[in-house]
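K.L.:
Protein chains in written order, with the numbering used here: chain A, 1 to 244; chain B, 1 to 319.
Keep in mind that the hints were calculated from the coordinates and are not lab data. The structure presented is a predicted model; accordingly, all values stated were derived computationally and were not measured. Among the hints, a few may not be true.
What the hints assert, rightly or not - Here are the simulated EDC-like pairs of lysine to aspartate or glutamate, each with C-alpha atoms no more than 20 Å apart in a straight line:
1) Lys201(B) <-> Glu54(A)
2) Lys132(B) <-> Asp78(B)
3) Lys201(B) <-> Asp108(A)
4) Lys201(B) <-> Glu187(B)
5) Lys201(B) <-> Asp186(B)
What the hints assert, rightly or not - What follows is a set of in silico ranges between Cβ atoms, one per label pair, in the way DEER data are often shown:
6) Ser145(B) <-> Gly161(A): 51 to 59 Å
7) Ile300(B) <-> Glu120(A): 34 to 42 Å
8) His302(B) <-> Gly121(A): 25 to 33 Å
9) Glu267(B) <-> Met146(A): 49 to 57 Å
To be verified - Listing some non-contacts, in silico: residues in chain B with all C-beta distances to chain A over 10 Å:
10) Cys18
11) Leu73
12) Ser141
13) Met185
14) Leu200
15) Phe203
16) Ser225
17) Arg278
18) Thr284
We put the CB at the ideal spot given by N, CA and C, even for glycine.
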Amino acid sequence: MTSPLLELREVTKRFGGLVAVDRLSVHVDEGESLGLIGPNGAGKTTAFGILMGEQRPDSGRVFFRGEDVTRVPTHRRVARGIARTYQIPRPFGEMTVLDNIRVGMMPDSVRRLLTERPPEGADREIVRNVGFGEREAAMYPGQLSMGELRKLELARTLATGPEVLLLDEVFAGLTRGEIAQLSELLCEERRRGMTSILVSHDLRSLSPLVDRVVVMSFGAVIAEGGFDEVLGNPLVQEAYLGQA
Amino acid sequence: MQLARPLLGWLAFGVVMCLLPAFVSTGTVRILIFANFLAIFAMSWDVISGRTGYISFGHPFLIGIAAYTTAMLTYHLDTPLWLSIPAGVLATLVGGTLFFLPALRIRGTYFALVTLAFMELMYQLTQVIAPKITGGTRGLSGIPSLVSGAIPNYYLTFGLTFAIGLGLWFILRTRVGAALAALRMDEGAVAASGLSTIRLKLFAFMTSAAVAGVGGAFYVHYLGSIAPRGLFDINFLFTILVAALLGGSATVAGPILGAYFLTFLLEYLRPFLPGPERYVIYGTIALVVYVLEPRGLHAIAHAAVRRLRPSRASAAASP
Numbered sequence: 001m002t003s004p005l006l007e008l009r010e011v012t013k014r015f016g017g018l019v020a021v022d023r024l025s026v027h028v029d030e031g032e033s034l035g036l037i038g039p040n041g042a043g044k045t046t047a048f049g050i051l052m053g054e055q056r057p058d059s060g061r062v063f064f065r066g067e068d069v070t071r072v073p074t075h076r077r078v079a080r081g082i083a084r085t086y087q088i089p090r091p092f093g094e095m096t097v098l099d100n101i102r103v104g105m106m107p108d109s110v111r112r113l114l115t116e117r118p119p120e121g122a123d124r125e126i127v128r129n130v131g132f133g134e135r136e137a138a139m140y141p142g143q144l145s146m147g148e149l150r151k152l153e154l155a156r157t158l159a160t161g162p163e164v165l166l167l168d169e170v171f172a173g174l175t176r177g178e179i180a181q182l183s184e185l186l187c188e189e190r191r192r193g194m195t196s197i198l199v200s201h202d203l204r205s206l207s208p209l210v211d212r213v214v215v216m217s218f219g220a221v222i223a224e225g226g227f228d229e230v231l232g233n234p235l236v237q238e239a240y241l242g243q244a
Numbered sequence: 001m002q003l004a005r006p007l008l009g010w011l012a013f014g015v016v017m018c019l020l021p022a023f024v025s026t027g028t029v030r031i032l033i034f035a036n037f038l039a040i041f042a043m044s045w046d047v048i049s050g051r052t053g054y055i056s057f058g059h060p061f062l063i064g065i066a067a068y069t070t071a072m073l074t075y076h077l078d079t080p081l082w083l084s085i086p087a088g089v090l091a092t093l094v095g096g097t098l099f100f101l102p103a104l105r106i107r108g109t110y111f112a113l114v115t116l117a118f119m120e121l122m123y124q125l126t127q128v129i130a131p132k133i134t135g136g137t138r139g140l141s142g143i144p145s146l147v148s149g150a151i152p153n154y155y156l157t158f159g160l161t162f163a164i165g166l167g168l169w170f171i172l173r174t175r176v177g178a179a180l181a182a183l184r185m186d187e188g189a190v191a192a193s194g195l196s197t198i199r200l201k202l203f204a205f206m207t208s209a210a211v212a213g214v215g216g217a218f219y220v221h222y223l224g225s226i227a228p229r230g231l232f233d234i235n236f237l238f239t240i241l242v243a244a245l246l247g248g249s250a251t252v253a254g255p256i257l258g259a260y261f262l263t264f265l266l267e268y269l270r271p272f273l274p275g276p277e278r279y280v281i282y283g284t285i286a287l288v289v290y291v292l293e294p295r296g297l298h299a300i301a302h303a304a305v306r307r308l309r310p311s312r313a314s315a316a317a318s319p
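Make a model of the complete structure from these sequences and hints.
P.N.:
Shown next, in the form of structure tokens:
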């Protein structure tokens, strides 16, 4: 049996008295697209933070390709192939779209940063792949719409050469047109074999993009399976709508 | 072409500054020497604080390590300057790393306060620990000079300023400069882009410390004396900060521009305001410039050049 590509095993994270993630076990297999859903405060973003090494779990382990990476710092996890976007986009505000993407392509070596020139053409290829034109490439994040900011975040994440993408609230604040455009991009990545975990409150937009769904509530998994299956689960309905 | 224009700018700056002593008084040359030292210190401060956003209030601490090391080596052991100056720079790198590196794990006000504490610590240490070696409160005097006379010292200090400025410009125009700028904007996003923020900060700090060390070591041999009150002084610290910010932080030319502007401003105010009230005036001027153009004199100069260019083009086009 092959091990999952990325896995949280029995992970707990507390913030003072609040248990944000409670003995959480989630995994994603290679090439799979996993939806991670749940009401506000369910612990989805904390789970992403732990997967990326931005937050250290109080207990439990994180595995990537079967290797324990719990204590591996964020930048090394990115080098191994884990990358994320943020719920609120975090572009480098004083850099153009193209320069933002170039940061994602930088080697993690001061010597190489000093001596090597950026790879010709690869940056513009990513720009084109996410649907930006030359005009947008020269723009600053402050001039972009929320949809374009999300595309920029995705582009910078793709520039790191990931094997697994963690996409946090990827449709938040977008118009229907922007959602359709971004969904098409994600479908394209999926066709290329990209593994991904998507967090979204927009279940309608999420459903065609995922193979499997994990539902979280109060830091723990309450349901898992196909989209229709989990949405019909009374525990899930209770978590979203409250007890009747 | 991208490289040619800035290099021409550096060349022009070098030529003008080399010819300058022929046209100004010896008094002005002596002021320029201090301006050169301030430019070195401001460039050093800017590498760590302007580029990465880690505001250091402890730069006199770094300058002081090199200055005291070379001063003590030459004063007590008659060490030749070619050995004591590199030893001073090395001591800054080692001592600074021991103190600053743990501090680079904290951000914002806390980092600034911790580094301020380093400066105060150094002030106390030089007086309390082995005052026979450090000279205690009175410091050390009679430290040998590298060269004597205003003009040779001017060329020595300008040569240093120019070499450091050009060196930093070459380093910071590589992708390292962009990575450090990204660090200032969002450290978490830099890590999420696959870059070690610790390694980048360490590089910025080592570069900054090396420049501070070179400046500090040459400074003490120019002055010929060293005393803790003069070096670990809040006014000295703020003069460095204001020079960098006023000139334009996160640039190389800005701190140089700010240093020359500030040094001459302070000197020209001296006959009218001989006391510390001068600092109120320069503080006010710095504030006004900073409010009008937060990117400093460098941006003002850039805007002026840009405004001149189209008019020149249209003048050329017109018959």
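K.L.:
Looking at the structure, which of the earlier hints fail to hold?
P.N.:
Hints 13, 14, 15 contradicted; others consistent.
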